[in-house]
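If you want the building blocks of each chain, they are given just below.
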Amino acid sequence: MNNKNKRPVYLNLFQIRLPVAGVVSILHRITGVVMVISLPLSLYALQQSLASADEYATVTGYLSLPGVRVLLMVLAVALALHFLAGVRHLLLDIDVGVTRRVARWSAWAVLAGTGLTALVFGMRWL
Amino acid sequence: MTLRPTGSARRGLGEWLAQRLTALYMGGLGMVAVIYLLLVPAPDYLQWKGWLAGIAVRVAVSLFFASALVHAWVGLRSIYMDYLKPLWLRVTVTAVTLVILLALGLWTGHILLWGFPP
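So the protein sequences, as listed, match chains U and Z.
Heads up, the first sequence is in my numbering, so the first residue is 1 and it goes up one at a time.
Heads up, the second sequence is in my numbering, so the first residue is 1001 and it goes up one at a time.
Simulated from the structure, these hints should not be mistaken for laboratory data.
Fair warning: this is a prediction, and the values are worked out from it, not measured in the lab.
None of the hints are false.
Each pair of labels, with its calculated beta carbon distance range: (1) U:Val96 with Z:Leu1021: 12 to 22 Å; (2) Z:Asp1044 with U:Val34: 27 to 37 Å; (3) U:Ile26 with Z:Val1040: 28 to 38 Å; (4) Z:Gly1014 with U:Leu91: 14 to 24 Å; (5) U:Val98 with Z:Ala1060: 25 to 35 Å; (6) Z:Leu1087 with U:Asp54: 45 to 55 Å; (7) U:Val70 with Z:Leu1013: 38 to 48 Å; (8) Z:Asp1044 with U:Phe14: 46 to 56 Å; (9) U:Phe121 with Z:Leu1046: 22 to 32 Å; (10) Z:Leu1017 with U:Arg17: 29 to 39 Å; (11) Z:Pro1117 with U:Arg101: 53 to 63 Å; (12) U:Ser52 with Z:Leu1087: 46 to 56 Å.
Where chain U lies over chain Z, by a calculated footprint (3+ residues, C-beta under 8 Å): (13) 1019–1033; (14) 1075–1087; (15) 1099–1111.
Quick reminder that beta carbons are idealized off the backbone N, C-alpha and C, glycines included.
Make a model of the complete structure from these sequences and hints.
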């Protein structure tokens, strides 16, 4: 680890063609971070919604604002991708779908399932 | 007795397992909750409070948040280990994260358990 040899490091993100499983992997991380950031907001909404009938009305009022609806939509899509990628990951853990062909297919399926969720949720919600 | 060197093969197993168990719990309860919420009309305040009045529901939801926090801890930690190269930065960010997650856990308990009814 200590030899500082001069190997070429080629990390031009616009030149690297990330395989689809890699795309799902990085999206799994990004959506996870997005949801962690939303946790305090969710807790605050939960706390206020239980405080009184007036506070409950305030919270539901906020949640139906157009901007907040879009935000909730983003969160729902993040959750869908994280959930589907997680199921894929758990299956890989128990050696289901570890061949390259199936793993590529399941990565596409995660993206397709997320797109479908976005479509259904968007039509119901926005 | 065998002495394990630092960085032994078992390091990380607990985190790995916690990540999976919390995922299964959240995935299971989450699916039940989503299906339920899609089937029933949006609740008013009294119904909403009524759902969370039962101690079993509040414990289940508290465990959901606890799972999310443990899951977030393991996930964020692996992200930090991958991308935060300077040791001082990684240690600082990890420590701050731990404090925030613990605080969120206490807050969850306050809302749903010992602070209930609000």
